[in-house]
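Asks: The listed protein sequences derive, respectively, from chains A and B. Residues in the first sequence are numbered consecutively from 1, following this note's numbering. Residues in the second sequence are numbered consecutively from 1, following this note's numbering.
Hints were generated in silico from the structure; no laboratory data involved. From a predicted model like this one, the values you see are computed outputs, not experimental measurements. Here a beta-carbon is modelled for each residue, glycine too, at the ideal position from N, C-alpha and C. Take these hints with a grain of salt, some might be off.
To be verified - Some residues of chain A that are not near chain B, with every Cβ distance over 10 Å (derived):
#: 1; residue: Ile15
#: 2; residue: Val55
#: 3; residue: Gly248
#: 4; residue: Glu264
#: 5; residue: Asp367
#: 6; residue: Asp403
#: 7; residue: Val418
#: 8; residue: Asp471
What the hints assert, rightly or not - Each pair of labels, with its calculated beta carbon distance range:
#: 9; chain 1: B; residue 1: Glu71; chain 2: A; residue 2: Gly157; range: 55 to 61 Å
#: 10; chain 1: A; residue 1: Asn250; chain 2: B; residue 2: Glu137; range: 36 to 42 Å
#: 11; chain 1: B; residue 1: Gly134; chain 2: A; residue 2: Ile33; range: 47 to 53 Å
#: 12; chain 1: B; residue 1: Glu145; chain 2: A; residue 2: Gln239; range: 56 to 62 Å
#: 13; chain 1: A; residue 1: Lys453; chain 2: B; residue 2: Gly86; range: 20 to 26 Å
#: 14; chain 1: B; residue 1: Glu71; chain 2: A; residue 2: Ile33; range: 41 to 47 Å
#: 15; chain 1: A; residue 1: Gly371; chain 2: B; residue 2: Asp138; range: 44 to 50 Å
#: 16; chain 1: A; residue 1: Arg449; chain 2: B; residue 2: Glu145; range: 16 to 22 Å
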Amino acid sequence: MEPTRVLVGMGTCGIAAGARKVMEAFEKGLEGIEGVELLPTGCVGLCEKEVVAEVQKNGDKTIYGDLTTEKVERLIEEAILGGDVIEEWIAARPEEPILAKQERIVLENCGHINPENMEEYLERGGYKGLEKALKEMSPDQVVEEVKISGLRGRGGGGFPAGLKWQFAREAPGEKKYVVCNADEGDPGAFMDRSIKEGDPHALLEGMLICGYAIGSDEGYIYVRAEYPLAIKRLKIAMQQAEKSGYLGENILGTGFNFKLKIKEGAGAFVCGEETALLASIEGRMGRPRPRPPYPATRGLWNKPTNINNVETYANIPRIISRGGEKFAGIGTEKSTGTKVFALTGKINNTGLIEVPMGISIREIIYDIGGGIPDGREFKAVQIGGPSGGCIPAHLLDLPIDYDSLVESGAIMGSGGLVTMDEETCMVDVAWFFLNFTQKESCGKCTPCREGTKRMLEILERIKAGRGEPEDIEKLKFLGRNIVDTSLCGLGQTAPNPVLSTLRFFEDEYMAHIEEQSCPAGACTDLLRYEIVQEDCKRCSICVKVCPANAISGKPKEKHLINQDLCTKCNACLEKCPFDAIVKK
Amino acid sequence: MEWKIEGSPNEQGGEKPKVGRQLMEKTLEQENCREKVEEIVASFPEKKGALIPALQAIQEEFGYLPRPALEVLAKSLRVPFSTVYGVATFYAQFHLEPRGKHIVRVCMGTACHVRGGKKLLETLERELGVEAGGTTEDLNFTLEEVACIGACGLAPAVMVDDETFGRLTPDKLTEVLDQYRQ
């Protein structure tokens, strides 16, 4: 009989939610019991339900969520040793839309295997793609297969991966490099981190296949230093692969050599841009340079280089082992396969999801995401991070594919999906993203360095209620110019969050400018907190919690907020037991 | 971003130097950082592209990038000091000032922003008595903003050293902080 397996989600999110303590409780409870394996696993994607554990027993898999140390005892007794399923603790059932509407290719192993044990990857078909490529295919055939699959770069731009590989293959030169952009820096995105933490071998295998296809014997993975767990798991995976003959000299006895190194990024968002990333690997300041020449001909140390991101490489082993045509059969004609999204913001089921291309935003928000919490209205979804845009409610049926998204003013980006409800101010959202890109601008070209700064100043003015009607035109003019004249992708897309919110939510900007009011109640400068004297019971809780000492009054006396001192921190409103404080 | 340079305004009685930093620099002199830095450089057999990993290793060793260490590094790698300084100030990860024993990073990512990350920052600024980017006088805490730590599903989140804490409220955050107080 197969042993019963208990897999505890030990990704960064799981650990933050308390997975280590749950793991320890399992260890204690299962001590001395035979026939049960306790293992760590990566992210299964159900972030809202962390801590999560999967019980694999007699061929059945059950995912339990919201676990605490107190729940472990009953789980061991009834679900692991006994034959019961604890219905009320199940995080999600396979037939529920949250899972049924997903199609997992890249994430097929995440949350189901122990990422620190290579055997488990091999058991699920791991390194079969590499073996097939090395033993049965010529490098040209591998490139052709990737072209047939229609796979487009998952990092943002959506350039066809097969074509990129072909350019690198055809570029003259003995020495070539394979680089993985794992510098996932978009705020609101954690797709790549979950792959690195949950299925690191898939990334290695994809890079190895690429090395064989383009004729390279050396690769670099450029990872953010902010992802310590991902770096640790990648290093473990590399050691195991080397030991088993999948990495290093004479791989699988075929004469193919490939060595791999990890470079830790040092905290610069612009290094997600490929030429800046290469400069950073070379040990220089991460500043972009004009293209052409493209990295395919002059990349790392001026040698031909292929750069893809984590998700792109992780698709490769599946494409090679199962065939490009099968992959092309998923999704739409021009956007094949699946896309991983990090679903966050004001949504019930935050988490990591993988869906076939062409799915509508409505299905993602309402079927998989479970809708908006507290019965509030859906307002918009921000897609593509700081380079992307906001898609409003009337476009909910827009299909998710590269071209439809660009048409609507957003981009696919790397996969952050931030949901917003009626309490989110679109001017504030635009300000948030522009503030981010402005800080991260490397300062090399003027349109990005100066232009984004001026746009940000205008937005700050509008948020503070000091905007002027001409500001709208100024923002559009500046935005268009920055898009047209910036040197790299960071600058060329930086105005997108502003331009797209202006396109769909100009009335909200106007409310700030003409009426000095923020309809969503988010711009603090335009808010006033007041005590409704009829509802106030004079309990003076608010007086005590106010960090600015802005509320006057003793118990049983009238309480008043001094507007000059109020910092609008919301503490009084949250603590008032009688809902007697309102913001206007 | 200022360094303690001999004869700098700091020492000429201009701005009052920070006690913690003085102590740090003194210990450094005693320890003779040259040896340590040369050891680090020697651990990179390939000098090509070694600057950033070497800076990371130096910061790991000293907690920040002391000027004497960078001078030794520039010589050992045979690159101009200006290049070392340029790279050290370009990347957000590097610090030219001593930092606290514990690094508190408040996530300012999209999801955390929408779910009240700013309130957490304000709480911390109040509790620790420093602004974002600052270090407490006892050198126990450094408070920082970080663009996104990728724990969006658990927003709002704060990282203390390598531990991530999610689904925080100002009250819960105060409890977390107490675990790290001296």
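Asks: Determine for every hint whether it applies to the structure shown.
Replies: Hints and how they fare:
Non-interface call for A/Ile15 relative to chain B: violated, since the shortest CB-CB distance, roughly 7 Å, does not exceed 10 Å. The Cβ of A/Val55 sits about 22 Å from the closest Cβ of chain B, beyond the 10 Å cut-off, so the non-interface label holds. For A/Gly248, the condition that its CB be more than 10 Å from all CB atoms of chain B holds, with the nearest at approximately 17 Å. Interface exclusion of A/Glu264 from chain B breaks down, the closest Cβ pair being 6 Å apart, not more than 10 Å.
The Cβ of A/Asp367 lies farther than 10 Å from every Cβ of chain B, with a closest approach of about 18 Å, so its non-interface assignment holds. No beta-carbon of chain B is positioned within 10 Å of the beta-carbon of A/Asp403; the least distance is around 24 Å. Remark: the non-interface label on A/Val418 conflicts with the geometry, its nearest Cβ contact in chain B lying 5 Å away (cut-off 10 Å). In this structure A/Asp471 is separated from chain B by more than 10 Å, as the shortest Cβ-Cβ distance comes to about 23 Å.
Restraint check, B/Glu71 to A/Gly157: a C-beta distance of roughly 42 Å breaks the suggested window 55 to 61 Å. A C-beta distance of roughly 59 Å is found between A/Asn250 and B/Glu137, which places it outside the suggested range of 36 to 42 Å. Restraint check, B/Gly134 to A/Ile33: a C-beta distance of roughly 51 Å satisfies the suggested window 47 to 53 Å. Distance hint check: the CB atoms of B/Glu145 and A/Gln239 are about 35 Å apart, inconsistent with the given range 56 to 62 Å.
The hint said 20 to 26 Å for the Cβ distance between A/Lys453 and B/Gly86, and at roughly 21 Å that hint holds. The given range of 41 to 47 Å is broken by B/Glu71 and A/Ile33, whose C-beta atoms sit roughly 59 Å from each other. Between A/Gly371 and B/Asp138 the beta carbons are some 48 Å apart, a value that agrees with the proposed interval 44 to 50 Å. Between A/Arg449 and B/Glu145, the C-beta spacing of about 21 Å keeps the proposed range 16 to 22 Å intact.
Comparing the model with each numbered hint stated earlier shows that hints 1, 4, 7, 9, 10, 12 and 14 do not hold.
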